[in-house]
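Protein chains: 4
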Amino acid sequence: MRIDVLDHGFVELVDHMGDDTSVVRAARICHASQPGDEERDRQLIEFLMKNRHETPFEHVTFTFHIKCPIFVARQWMRHRIASYNELSGRYSEYEDEFYVPGKDRLDEKSIEKIEKTYRLAYETYQELIASGVRREIARMVLPVALYTQFVWTVNARSLMNFLSLRADSHAQWEMQQYALAVAQIFKSICPKSYEAFVRYTYRGDLLKG
Amino acid sequence: MRIDVLDHGFVELVDHMGDDTSVVRAARICHASQPGDEERDRQLIEFLMKNRHETPFEHVTFTFHIKCPIFVARQWMRHRIASYNELSGRYSEYEDEFYVPGKDRLDEKSIEKIEKTYRLAYETYQELIASGVRREIARMVLPVALYTQFVWTVNARSLMNFLSLRADSHAQWEMQQYALAVAQIFKSICPKSYEAFVRYTYRGDLLKG
Amino acid sequence: MRIDVLDHGFVELVDHMGDDTSVVRAARICHASQPGDEERDRQLIEFLMKNRHETPFEHVTFTFHIKCPIFVARQWMRHRIASYNELSGRYSEYEDEFYVPGKDRLDEKSIEKIEKTYRLAYETYQELIASGVRREIARMVLPVALYTQFVWTVNARSLMNFLSLRADSHAQWEMQQYALAVAQIFKSICPKSYEAFVRYTYRGDLLKG
Amino acid sequence: MRIDVLDHGFVELVDHMGDDTSVVRAARICHASQPGDEERDRQLIEFLMKNRHETPFEHVTFTFHIKCPIFVARQWMRHRIASYNELSGRYSEYEDEFYVPGKDRLDEKSIEKIEKTYRLAYETYQELIASGVRREIARMVLPVALYTQFVWTVNARSLMNFLSLRADSHAQWEMQQYALAVAQIFKSICPKSYEAFVRYTYRGDLLKG
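Protein chains in written order, with our numbering: chain S, 1 to 209; chain R, 1 to 209; chain W, 1 to 209; chain X, 1 to 209.
Keep in mind that the hints are not guaranteed to be accurate.
Identical copies look the same in the list; a pair holds intra-copy or inter-copy alike.
[As the list claims (entries may be wrong)] In silico DSS-like links for lysine-lysine, alpha-carbon gap of 30 angstroms or less:
#: 1; residue 1: Lys116; residue 2: Lys187
#: 2; residue 1: Lys192; residue 2: Lys208
#: 3; residue 1: Lys50; residue 2: Lys208
#: 4; residue 1: Lys50; residue 2: Lys192
#: 5; residue 1: Lys187; residue 2: Lys50
#: 6; residue 1: Lys116; residue 2: Lys50
#: 7; residue 1: Lys208; residue 2: Lys109
#: 8; residue 1: Lys103; residue 2: Lys208
#: 9; residue 1: Lys208; residue 2: Lys187
#: 10; residue 1: Lys103; residue 2: Lys116
#: 11; residue 1: Lys109; residue 2: Lys50
#: 12; residue 1: Lys208; residue 2: Lys116
#: 13; residue 1: Lys50; residue 2: Lys103
#: 14; residue 1: Lys192; residue 2: Lys103
#: 15; residue 1: Lys109; residue 2: Lys187
It should be emphasised that the hints constitute simulated quantities derived from the structure, not laboratory data.
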């Protein structure tokens, strides 16, 4: 499952462990209770969410492949309860891919200026490498709109916290687009948890209504 | 996959996400390198282990169901980079199951004394509950040899750290038995990582040779 | 600063780093803004709390010395974003100290039964040690009401999360008493943060009104 | 205590909690042992380090104010067991400060090219802002050599892990300079821990003899 985001980016679900039933199983061991039917599982998940019993949601994990601009990755990686492996500009050469806001978001003259600056920066980057400068030095001129890629492994509890903060109109618009894609994938794997989350503990606004 | 441990305990693999190839995939994105064959994957994993590039191992996760004495669970839960949901003595009544060391580990007279103490404690527990005392109060008399159960979700990096400390002759013997069971399951899911781990970064002694 | 809790326990503040001004300093760097007066600091702290900007509260840290029953310590140590060093029953012999509920909480007959069980368990413990059984085996008979001690280092953000869950009438009564002591000490060091916390983000009930 | 690093950066110790004696105190509680003299404290710290008993070092905490290029901050913030508050390019305007490698590290022609690219990027940034583009969009053109600032709170254990990886010749040279400054400050506050760390557990090479 892969969702395109912005002009060159995406959010792709690479792997996952468990779903709503993993949450239920973890919660049941606490109370030594027996497996229930669909409806009782839903009620248990709602009870957990309402009463902030958040640990059972840690037993569902996701691995995503993300492609996004560096300034988005910088905000993303502030979420510390997760695992990251990112493309390294020390070991590989960056491709010529930079985020350019759409014409619905910015006037044409500004877009032209931005594109020109990207072009010059990337030319300088290539000239420096061609003249023997190390990649780790040459990349210093590249703007934070440059696209990077990373693998993100996160559990459902931490993912929900990410959504509370990033699927929200206070987050930067570009970040919101990624958060909405993550929300959509989370919803498809854990529909009961997603529904209860949005109803009871989600603190943002974009997923409401 | 379930391994019996001690007189009433076990370690059971309930679910897992990924294996050696997940480690390789996460490492490859850092260097923008291409998928390799079996042998090159093994070499990459060895390289990571030798050079302490430990983050790619965080993208493999495991969920275990554990049954063990409370004194073992207390040592276990000091490992903070993991998720736990434990049977609660506030919400459910404990069964009459306590760890008794085997005759190869303790003389018969000591075993008798221990069993007698367990018996009396459990009788008191039941009498208190019968007379209307709340479970959370009644359980105070129960010894730390009482069996408890919990769900443990952990990534491969944190699991290897657990093995370094607990699959080691400095750990308590009872704890060692659990760590050996965890090691066996880890080995069956991630054979290349296990082999490289024991060779290059494992700091304990029981898994050597 | 030390507060006695239950019959033999206590919460003692051993050391701390920073206070309300550390929160303000960390928040100001985000906005490149200048130091304010007392009143503007209070407003900034209220703004952070109200809008769930919780990271600035991580720059205040506390080290406590805690003495409590094992069943309380077990609940406490489930809070993973903190540091713990606990007295080890493998390396030192436990003293004869067990938590006994007060007469306002339990009828006299139950108390007698409980005390008798403790006495017998401790006698068995001593006999086993006297006969050469290792401390780590002998302690298995000791009940979870036994007093233990530990050092707890925690930042203000994690401490507030602890209070939301433990200074609450859903927590076990004995745990509540410890949480109330922690709250009192936190309030004395960070009065502005404490006030804003209770008003805006605290999810428990005992610190209200 | 403040150490200048690179052309515009620095590492400044803003606050700290505890020192070598805090480590000793936390370790002593585990063994219920008594305070020792200077020499026995040193031996205890060496014992802990040699045997990888790392938790007692978590009870010492430091708050630093850091100023460094974004590409250095990106590597820094991958260290997740720590707290960060960074200057936000969404809420404040960046100053015209970019890292330029010294003439001992790069030929003059490359330096000129780099400086020209910085200048053009910053001009575009200012033009965009002047024409009403939001700061969060305008900053996209700024290169990763731009200086940022952040508050970093970290405990001694996590700080030592940072030094193992970053005070090492495999780290980028610019990162190394920051790590060396952090090492110097750590050494001044916790001389015994520093000495034992470099001798027994440090995995890098720059701090050795």
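Results of checking the hints against the structure:
1. Lys116 x Lys187: neither (40 angstroms within a copy, 48 angstroms between copies)
2. Lys192 x Lys208: Classified as within: same-chain Cα gap 15 angstroms, cross-chain 33 angstroms, threshold 30 angstroms.
3. Lys50 x Lys208: both (16 angstroms within a copy, 20 angstroms between copies)
4. Lys50 x Lys192: both (13 angstroms within a copy, 29 angstroms between copies)
5. Lys187 x Lys50: Answer is both; intra-copy 18 angstroms and inter-copy 28 angstroms each pass.
6. Lys116 x Lys50: Neither: 51 angstroms inside a chain and 42 angstroms across chains, both beyond 30 angstroms.
7. Lys208 x Lys109: neither (36 angstroms within a copy, 55 angstroms between copies)
8. Lys103 x Lys208: within (27 angstroms within a copy, 51 angstroms between copies)
9. Lys208 x Lys187: within (13 angstroms within a copy, 36 angstroms between copies)
10. Lys103 x Lys116: both (16 angstroms within a copy, 29 angstroms between copies)
11. Lys109 x Lys50: Cα proximity of Lys109 and Lys50: none, with 50 angstroms in one copy and 39 angstroms across.
12. Lys208 x Lys116: Neither: 39 angstroms inside a chain and 47 angstroms across chains, both beyond 30 angstroms.
13. Lys50 x Lys103: The answer is neither: 42 angstroms in one copy and 35 angstroms across copies each exceed 30 angstroms.
14. Lys192 x Lys103: neither (38 angstroms within a copy, 46 angstroms between copies)
15. Lys109 x Lys187: neither (39 angstroms within a copy, 54 angstroms between copies)
In terms of the numbered hints stated before, the structure departs from hints 1, 6, 7, 11, 12, 13, 14, 15, listed from lowest to highest.
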